[in-house]
Amino acid sequence: MRSNQVAVVGAAETTELGIIANMSQLQLHADAALNAIADAGLKLSDIDGFATAVETPQQVCHYLGIKPTWADGTSVGGCSFMLHVRHAAAAIEAGLCKTVLITHAESGKSMIGKAPRSIPADSLQGQFEAPFGVYGPPSMFPIPVLRFMKTYGITHEQLASVAVVQREWAAKNPRAMMKDPITVADVLNSRMIAYPLRLLQCCLVTDGGGALILTSADRARDFPRKPVYIMGTGESVETPMVSQMETFNSSRAFKTAGPLAFKEAGIAHKDVDHLMIYDAFAHLPLFGLGDLGFMPHEETGRFIADGNTRPGAKLPLNTNGGGLSYMHSGMYGMYALQESVRQMRGIAPAQVPNATISVCHGVGGMFAASGTIVFTNER
Amino acid sequence: MAEPQRARPKPTPETQHFWDGTKAGELRLQRCDACAHVYFPPRPFCPSCASRKVSTFKASGRGFLYSYVINHRPAAPGFTPPYAIAVVELAEGPRMMSNIIDCPQTPEALELDMKLEVAFQELDDTITLPVFRPAKG
Numbered sequence: 001m002r003s004n005q006v007a008v009v010g011a012a013e014t015t016e017l018g019i020i021a022n023m024s025q026l027q028l029h030a031d032a033a034l035n036a037i038a039d040a041g042l043k044l045s046d047i048d049g050f051a052t053a054v055e056t057p058q059q060v061c062h063y064l065g066i067k068p069t070w071a072d073g074t075s076v077g078g079c080s081f082m083l084h085v086r087h088a089a090a091a092i093e094a095g096l097c098k099t100v101l102i103t104h105a106e107s108g109k110s111m112i113g114k115a116p117r118s119i120p121a122d123s124l125q126g127q128f129e130a131p132f133g134v135y136g137p138p139s140m141f142p143i144p145v146l147r148f149m150k151t152y153g154i155t156h157e158q159l160a161s162v163a164v165v166q167r168e169w170a171a172k173n174p175r176a177m178m179k180d181p182i183t184v185a186d187v188l189n190s191r192m193i194a195y196p197l198r199l200l201q202c203c204l205v206t207d208g209g210g211a212l213i214l215t216s217a218d219r220a221r222d223f224p225r226k227p228v229y230i231m232g233t234g235e236s237v238e239t240p241m242v243s244q245m246e247t248f249n250s251s252r253a254f255k256t257a258g259p260l261a262f263k264e265a266g267i268a269h270k271d272v273d274h275l276m277i278y279d280a281f282a283h284l285p286l287f288g289l290g291d292l293g294f295m296p297h298e299e300t301g302r303f304i305a306d307g308n309t310r311p312g313a314k315l316p317l318n319t320n321g322g323g324l325s326y327m328h329s330g331m332y333g334m335y336a337l338q339e340s341v342r343q344m345r346g347i348a349p350a351q352v353p354n355a356t357i358s359v360c361h362g363v364g365g366m367f368a369a370s371g372t373i374v375f376t377n378e379r
Numbered sequence: 001m002a003e004p005q006r007a008r009p010k011p012t013p014e015t016q017h018f019w020d021g022t023k024a025g026e027l028r029l030q031r032c033d034a035c036a037h038v039y040f041p042p043r044p045f046c047p048s049c050a051s052r053k054v055s056t057f058k059a060s061g062r063g064f065l066y067s068y069v070i071n072h073r074p075a076a077p078g079f080t081p082p083y084a085i086a087v088v089e090l091a092e093g094p095r096m097m098s099n100i101i102d103c104p105q106t107p108e109a110l111e112l113d114m115k116l117e118v119a120f121q122e123l124d125d126t127i128t129l130p131v132f133r134p135a136k137g
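Taken in sequence, the protein lines are chains A and B.
Heads up: the first sequence begins at 1 in this note's numbering, then just goes up one per residue.
Heads up: the second sequence begins at 1 in this note's numbering, then just goes up one per residue.
None of these hints come from the bench; they were simulated from the model.
From a predicted model like this one, the values you see are computed outputs, not experimental measurements.
Some hints could be false.
Claimed, not checked - Below 25 Å or equal to it, Euclidean Cα-Cα: the simulated SDA-like pairs (lysine to any residue) are:
no. : chain 1 : residue 1 : chain 2 : residue 2
1   : B       : Lys10     : A       : Lys109
2   : A       : Lys314    : A       : Val184
3   : A       : Lys255    : B       : Pro74
4   : B       : Lys136    : A       : Gly266
5   : A       : Lys226    : A       : His156
6   : B       : Lys10     : A       : Gly266
7   : A       : Lys150    : B       : Met114
8   : A       : Lys150    : B       : Arg62
9   : B       : Lys10     : A       : Gln244
10  : B       : Lys115    : A       : Glu246
11  : A       : Lys150    : B       : Lys10
12  : A       : Lys255    : B       : Arg62
13  : A       : Lys150    : B       : Lys53
14  : B       : Lys53     : A       : Ser250
15  : A       : Lys255    : A       : Pro174
16  : A       : Lys172    : A       : Ala355
17  : B       : Lys115    : A       : Ile119
18  : A       : Lys314    : A       : His156
19  : A       : Lys270    : A       : Thr356
20  : B       : Lys136    : B       : Lys53
21  : A       : Lys109    : B       : Ala75
22  : A       : Lys226    : A       : Gly266
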C-alpha cells in the first residue's frame with residue numbers, strides 16, 4: 001500500500017471513560033461514533049464504509065442508521081482496530097468507499113449488553129488449555145513471561161518499572177483512571193495475580209469506546225482537523241492458544257506486523273518520535289520494543305527501567321498512561337490509536353513536542369494477533 | 001449445590017485418539033509420514049507440509065518445564081489457588097499446557113527447565129487429563 005494516501009479526519013473517545021453504568025455496549029459505540037462524526041464535521045449520511053469488532057457491522061450500522069457500501073467485521077481481539085485502519089486505507093485507495101467509520105466500545109466493567117466470553121468445550125482451547133485452570137487473560141497472557149525473563153536476563157524490578165513509568169504519563173492525563181505516582185516497591189508489593197505478575201502490572205477493567213473516521217488524503221484537506229496520514233501498516237495472526245506460540249521469547253505476530261509497517265512507511269527506528277505498544281500486561285512493551293526492532297530483547301528491561309520512555313526522554317512510550325493506568329475496556333487498541341492521533345494533531349494532554357511520526361502497535365488475544373500503524377502529520 | 005466443576009474437554013473426531021490415549025495411560029502425538037514433523041494439538045494432516053499421511057504414536061512422556069504462571073486470582077472453577085498453569089516442552093518437540101503435580105506450587109520449587117514426566121489424572125469415566133510431575137532420577 002502507498003504511504004500517506006489516506007488520513008484520519010475524525011477521532012474521538014466516548015464522552016465518559018471509566019465506569020459508565022448508564023449505557024449499554026451498543027450505545028457506547030454510538031456515543032463514540034457521534035463524537036467522531038462531530039469532530040470531523042460530518043453527517044452520518046456521509047459515512048459509506050464501516051468497521052467494528054465483537055459487535056457485528058450490521059448491529060452497529062443499523063443502530064446508527066448507516067448504509068455502507070463496504071463493511072469489515074474483522075475481530076481478532078484488541079488490535080482489531082489497527083487491522084480495520086489498514087483494511088479501510090486499502091478500501092479507500094481501491095475506490096470501494098470514500099469515508100470509513102471505525103468504532104469500538106466495550107462495557108468491560110459494567111457488563112451492560114455485553115455477551116460473556118466463553119470457550120467451547122470442543123474447541124482446541126477448550127480441550128487443551130481450559131482444563132488446566134486458565135481463567136481469563138490474567139491467567140493466560142503472563143504464561144510466557146518467566147521464559148522471556150530467563151532467556152534475556154530481565155529482572156522483576158525492570159518488569160515493575162513498566163508500570164511506574166506509565167503512571168508518570170497517566171499523571172499528566174486528566175482522563176486517566178489511575179494518576180497517583182507509584183514506585184517499583186509499590187508494584188512488587190501489590191497483590192499477586194498470576195506469578196510473576198502482580199496487580200499493578202495488569203491492565204485496568206473499565207467501560208468506554210472510541211471511533212475513527214478515515215478518508216482519502218486529497219479530501220482530508222477540506223476537514224476542520226489537522227489530517228493524520230496513514231504512513232505504513234502491518235498485520236498478522238499466530239494462534240488462539242498461548243501455549244502453542246512458536247516461542248515465548250518473542251511474538252511471531254509482532255515480528256510480522258511491525259516490520260511490515262516500518263517497511264511500508266519507509267522509516268527507520270530513529271525516525272520514531274512517539275510510540276504506543278498495547279500494554280494489557282507489563283511484559284508487552286518489552287516484547288514490543290524487541291520484536292519491532294527498536295533494540296535487542298535483552299536491553300528492553302533496562303531501557304525502560306533507566307527512564308528512556310518516560311516524559312521528556314528519548315522514546316516517549318504509552319503517553320496516555322496505557323492499559324495499565326489510562327483505561328482498558330478489554331480491547332484497548334482503539335485507545336492507543338486515539339492517543340497516536342492526538343499526538344499527531346498536537347493536542348495530547350502529555351504532548352510530545354514537534355512529534356511528526358507515531359508508531360501504534362497492537363496485540364489481539366494472548367499474542368494471537370497483531371496490527372501496527374505508522375502515522376504522520378506531514379505529507 | 002454441587003462444587004463448581006473443572007472445565008471438561010469435549011473430544012472431536014480429530015482429537016478422539018488423544019483422549020482415548022490418555023484414558024489408556026498413553027500420551028499420543030502425531031508424526032507426518034512425509035516430512036517427519038511431530039506436532040500437537042491433533043489434526044489429520046501435517047501443519048508443516050500439508051500431507052494427509054500422518055501417524056499417531058505413543059510419546060515418551062518426558063519433557064521439561066518451558067514456562068508457567070502461579071495463578072492466584074481469579075481461580076478457575078474446580079481449582080484451589082495458588083496453582084501453577086504450566087507449558088511443558090515434550091522430548092519429541094511439541095509443547096502442551098498442563099499442570100504440575102507432586103511439587104509445591106511455588107517459584108522456588110518450580111524451576112524452569114526442570115525435567116518432567118507425564119502422569120494421568122482421571123476427571124470422570126471418559127476423560128483423563130495428562131499432567132506432569134518432576135522426573136525421578
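Results of checking the hints against the structure:
For the hint linking B/Lys10 to A/Lys109, the alpha-carbon distance of about 31 Å lies beyond 25 Å, and the restraint is violated. Simply put, A/Lys314 and A/Val184 have alpha-carbon atoms about 21 Å apart, close enough for the 25 Å limit, and the pair holds. For the proposed pair A/Lys255 and B/Pro74, the alpha carbon gap of about 31 Å is over 25 Å, so the pair is violated. Using a Cα cut-off of 25 Å, the hinted pair B/Lys136 and A/Gly266 is violated, with the two alpha carbons roughly 55 Å apart.
Proposed proximity of A/Lys226 and A/His156 is contradicted: the alpha carbons are some 42 Å apart, above 25 Å. Taking the CA atoms of B/Lys10 and A/Gly266, the gap is about 48 Å. The hint is violated against a cut of 25 Å. Between A/Lys150 and B/Met114 the alpha-carbon distance is near 13 Å, which keeps this suggested pair within the 25 Å criterion. Among the hinted pairs, A/Lys150 with B/Arg62 is consistent with the structure: their alpha-carbon atoms are about 22 Å apart, no more than 25 Å.
At roughly 19 Å between alpha-carbon atoms, B/Lys10 and A/Gln244 fall within 25 Å of each other, so this suggested pair holds. Between B/Lys115 and A/Glu246 the alpha-carbon distance is near 21 Å, which keeps this suggested pair within the 25 Å criterion. A hinted pair counts as satisfied when its Cα atoms are at most 25 Å apart, and A/Lys150 with B/Lys10 does not qualify at roughly 35 Å. Note on A/Lys255 and B/Arg62: the hinted pairing is violated, with a Cα-Cα distance of about 31 Å set against a maximum of 25 Å.
Proposed proximity of A/Lys150 and B/Lys53 is contradicted: the alpha carbons are some 38 Å apart, above 25 Å. For the proposed pair B/Lys53 and A/Ser250, the alpha carbon gap of about 32 Å is over 25 Å, so the pair is violated. Among the hinted pairs, A/Lys255 with A/Pro174 is inconsistent with the structure: their alpha-carbon atoms are about 34 Å apart, more than 25 Å. Restraint check: the Cα-Cα separation between A/Lys172 and A/Ala355 comes to about 17 Å, which is no more than 25 Å; the hinted pair holds.
Only pairs whose Cα atoms come within 25 Å are accepted, and B/Lys115 paired with A/Ile119 is rejected, the gap being roughly 31 Å. Distance hint between A/Lys314 and A/His156 is fulfilled; the C-alpha atoms sit about 23 Å from each other, no more than 25 Å. Taking the CA atoms of A/Lys270 and A/Thr356, the gap is near 12 Å; set against the 25 Å cutoff, the hint holds. Restraint check for B/Lys136 and B/Lys53: not satisfied, since their Cα atoms lie roughly 36 Å apart, outside the 25 Å limit.
Among the hinted pairs, A/Lys109 with B/Ala75 is consistent with the structure: their alpha-carbon atoms are about 19 Å apart, no more than 25 Å. At roughly 22 Å between alpha-carbon atoms, A/Lys226 and A/Gly266 fall within 25 Å of each other, so this suggested pair holds.
The structure shown violates the earlier hints numbered 1, 3, 4, 5, 6, 11, 12, 13, 14, 15, 17 and 20.
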